[in-house]
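Engineer: So the chains spell out like this:
There are 2 protein chains.
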Amino acid sequence: MADHVFDRAIALTPLAHGSYQGQTSPAYANMVGPYGGITAAQMLNAVLLHPQRLGDPVSFTVNFCAPVADGAFVLQARALRTNRSTQHWLVEMLQDGQAVASATAVTALRRPTWGVDDTPMPACPAPADCPVSDAEAPFEFAKRFELRSIVGDWPAVWDGRGDNSLTQVWLRDQPPRALDFASLASIADMFFPRIFLRRATLVPIGTVSMTVYFHASAEHLVQTGDGYLLGQSYAHAFRNGFFDQSSQLWNGAGVLLATSHQVVYYKQ
Amino acid sequence: MADHVFDRAIALTPLAHGSYQGQTSPAYANMVGPYGGITAAQMLNAVLLHPQRLGDPVSFTVNFCAPVADGAFVLQARALRTNRSTQHWLVEMLQDGQAVASATAVTALRRPTWGVDDTPMPACPAPADCPVSDAEAPFEFAKRFELRSIVGDWPAVWDGRGDNSLTQVWLRDQPPRALDFASLASIADMFFPRIFLRRATLVPIGTVSMTVYFHASAEHLVQTGDGYLLGQSYAHAFRNGFFDQSSQLWNGAGVLLATSHQVVYYKQ
Numbered sequence: 013m014a015d016h017v018f019d020r021a022i023a024l025t026p027l028a029h030g031s032y033q034g035q036t037s038p039a040y041a042n043m044v045g046p047y048g049g050i051t052a053a054q055m056l057n058a059v060l061l062h063p064q065r066l067g068d069p070v071s072f073t074v075n076f077c078a079p080v081a082d083g084a085f086v087l088q089a090r091a092l093r094t095n096r097s098t099q100h101w102l103v104e105m106l107q108d109g110q111a112v113a114s115a116t117a118v119t120a121l122r123r124p125t126w127g128v129d130d131t132p133m134p135a136c137p138a139p140a141d142c143p144v145s146d147a148e149a150p151f152e153f154a155k156r157f158e159l160r161s162i163v164g165d166w167p168a169v170w171d172g173r174g175d176n177s178l179t180q181v182w183l184r185d186q187p188p189r190a191l192d193f194a195s196l197a198s199i200a201d202m203f204f205p206r207i208f209l210r211r212a213t214l215v216p217i218g219t220v221s222m223t224v225y226f227h228a229s230a231e232h233l234v235q236t237g238d239g240y241l242l243g244q245s246y247a248h249a250f251r252n253g254f255f256d257q258s259s260q261l262w263n264g265a266g267v268l269l270a271t272s273h274q275v276v277y278y279k280q
Numbered sequence: 013m014a015d016h017v018f019d020r021a022i023a024l025t026p027l028a029h030g031s032y033q034g035q036t037s038p039a040y041a042n043m044v045g046p047y048g049g050i051t052a053a054q055m056l057n058a059v060l061l062h063p064q065r066l067g068d069p070v071s072f073t074v075n076f077c078a079p080v081a082d083g084a085f086v087l088q089a090r091a092l093r094t095n096r097s098t099q100h101w102l103v104e105m106l107q108d109g110q111a112v113a114s115a116t117a118v119t120a121l122r123r124p125t126w127g128v129d130d131t132p133m134p135a136c137p138a139p140a141d142c143p144v145s146d147a148e149a150p151f152e153f154a155k156r157f158e159l160r161s162i163v164g165d166w167p168a169v170w171d172g173r174g175d176n177s178l179t180q181v182w183l184r185d186q187p188p189r190a191l192d193f194a195s196l197a198s199i200a201d202m203f204f205p206r207i208f209l210r211r212a213t214l215v216p217i218g219t220v221s222m223t224v225y226f227h228a229s230a231e232h233l234v235q236t237g238d239g240y241l242l243g244q245s246y247a248h249a250f251r252n253g254f255f256d257q258s259s260q261l262w263n264g265a266g267v268l269l270a271t272s273h274q275v276v277y278y279k280q
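Chains as they are written, first to last, in the working numbering: chain A, 13 to 280; chain B, 13 to 280.
If we strip away everything but chain A, and leave its shape as in the complex, we get (with noise of 0.2 angstroms):
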């Protein structure tokens, strides 16, 4: 697994302090500098390889703060609270000693207690019988994805018709990779903005702000394998040049992986 695409981008090397040096993948660049989801999976990263790290991820924020340049960036991952069974993390990524990205995360030892998903996977056609979709075929990141729609896919037709902003899809890595808390972090990023398919119309954005719920336990990421996810994915406001969308990742057996939110800049 070490040779994969996704494992040599998120590759990171040990400095002092905690800290990290990485850089941008060619093969997760987006139409201006790398794919989010690829940035947010290096900045976890710093957190995951942490020898000072207290269990696994619970939540996770990132800001996007300005453009990452292609090239070497550092990673700077700070545990700002120890407790007994969670933990707290910032994380800053810079280049040329200037942020370009924060997160925080949380981390904590899991113990089995009642529990029980509230919101059940939708009833869906399974991946087979979904046509392979080119969504954002025309960036060299969504090659290293597979997606099966289901609704609302990219428009075909982009004639300001949109009139909702749900998805649907099954996704996984390409080629297909043993989902973990990295990658799922990263696929939590892999729905197209949601303008796009409200209005059927491209217009400039950028993602701010991402935040990612894991529910997922690492027992649950090892029966998922490198099977198929079901995402699905809609917004609830677009107003005065930022709108926010709300994710969910589903495994093939119905198991609530994880829930993610963000807030995204438009122009227009």
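Errors might be hidden in some of the hints.
Copies of the same chain look alike in the list, so a pair counts if it works inside one copy or between any two.
Unchecked claim - Straight line, CA to CA, 20 angstroms or less: simulated SDA-like cross-link-like pairs of lysine to any residue:
no.: 1; residue 1: 279; residue 2: 123
no.: 2; residue 1: 279; residue 2: 109
no.: 3; residue 1: 279; residue 2: 215
no.: 4; residue 1: 279; residue 2: 38
no.: 5; residue 1: 279; residue 2: 125
no.: 6; residue 1: 155; residue 2: 232
no.: 7; residue 1: 155; residue 2: 190
no.: 8; residue 1: 279; residue 2: 43
no.: 9; residue 1: 155; residue 2: 38
no.: 10; residue 1: 279; residue 2: 189
Simulated from the structure, these hints should not be mistaken for lab results.
Chain A is already provided as a structure; the job is to place chain B on it using the hints.
Structural biologist: Using the frame of chain A, we list chain B on its own:
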């Protein structure tokens, strides 16, 4: 308005270098320590008061790292990055030099654009037709809010028979106070833990991380004044000691003012 209990609770005294001193408010006490929403509002206020602030809040994430002790705290606010129309903030709340909470915020100059609310306000009876709720009545902070229950009120019987996690409620400050960004951040935390409703069982809980996306402009806040907000909240998953809950807040005119998400620790 400066005499309102909320304003006194979030009042901060400037120290050097973008730091502020504040203190917990007995008026917003929870079972142990302060109500999380007032902690969030205090932290956001360190950004709102900061002389370098650019624009209004768009996104705000607060991580509750450790119990906040009754008494004084220091807030350190730092602009990590200032762009032409957006700004990224880091705020730490310290007691005895230790982080008890951290927050990131994005502020922005917002400009009129195309827009639409994609999640319409649910059809609900008017506030006057909804019974005043004594949800969370045992806790001092709950007296600072007027709640008028529509569905999913604080369970009357704790018999373990809950079957869903949806609450809809009219709410506003008590006594009424004109809405602003700080009070909207506080109110976003004013939905009692979904697990109490879903299980009709009281278990130990604690919010770990909360994110608020502000869809409201300053003008929407003025239009809202001290009127009721319609709040809605529900969970997606409860598993292995953590659950999430997502909330929406509309004003009486049906404008979606904020969406909010949080992840909460629970025991048992």
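Engineer: If a hint holds in the structure, say so; if it does not, say that too.
Structural biologist: Hint check results:
1. In this homomeric assembly, residue 279 and residue 123 come within 20 angstroms of each other (Cα to Cα) only across copies, at 9 angstroms, whereas the closest approach inside a single copy is 45 angstroms.
2. In the homo-oligomer, the alpha carbons of residue 279 and residue 109 never lie at most 20 angstroms apart, since the shortest distance is 29 angstroms inside one protomer and 42 angstroms across protomers.
3. Taking CA atoms no more than 20 angstroms apart as the test, residue 279 paired with residue 215 passes inside one copy only; the shortest distance there is 6 angstroms, against 46 angstroms between copies.
4. For a Cα distance limit of 20 angstroms, the shortest separation of residue 279 from residue 38 qualifies neither inside one copy, at 26 angstroms, nor across copies, at 44 angstroms.
5. Only between protomers do residue 279 and residue 125 lie at most 20 angstroms apart by alpha-carbon distance; the minimum there is 7 angstroms, versus 45 angstroms within a single protomer.
6. Taking CA atoms no more than 20 angstroms apart as the test, residue 155 paired with residue 232 passes in neither setting, with 26 angstroms inside one copy and 42 angstroms between copies.
7. Taking the shortest alpha-carbon separations for residue 155 and residue 190, only the intra-copy value of 17 angstroms comes in at or below 20 angstroms, while the best inter-copy value is 50 angstroms.
8. In this assembly of identical chains, residue 279 and residue 43 lie within 20 angstroms of each other by CA distance solely inside one copy; the values are 16 angstroms within and 45 angstroms between copies.
9. In this homomeric assembly, residue 155 and residue 38 come within 20 angstroms of each other (Cα to Cα) only inside a single copy, at 12 angstroms, whereas the closest approach across copies is 55 angstroms.
10. In this assembly of identical chains, the alpha carbons of residue 279 and residue 189 never lie at most 20 angstroms apart, being 36 angstroms within a copy and 34 angstroms across copies at closest.
Comparing the model with each earlier hint shows violations of hints 2, 4, 6 and 10; every other hint is respected.
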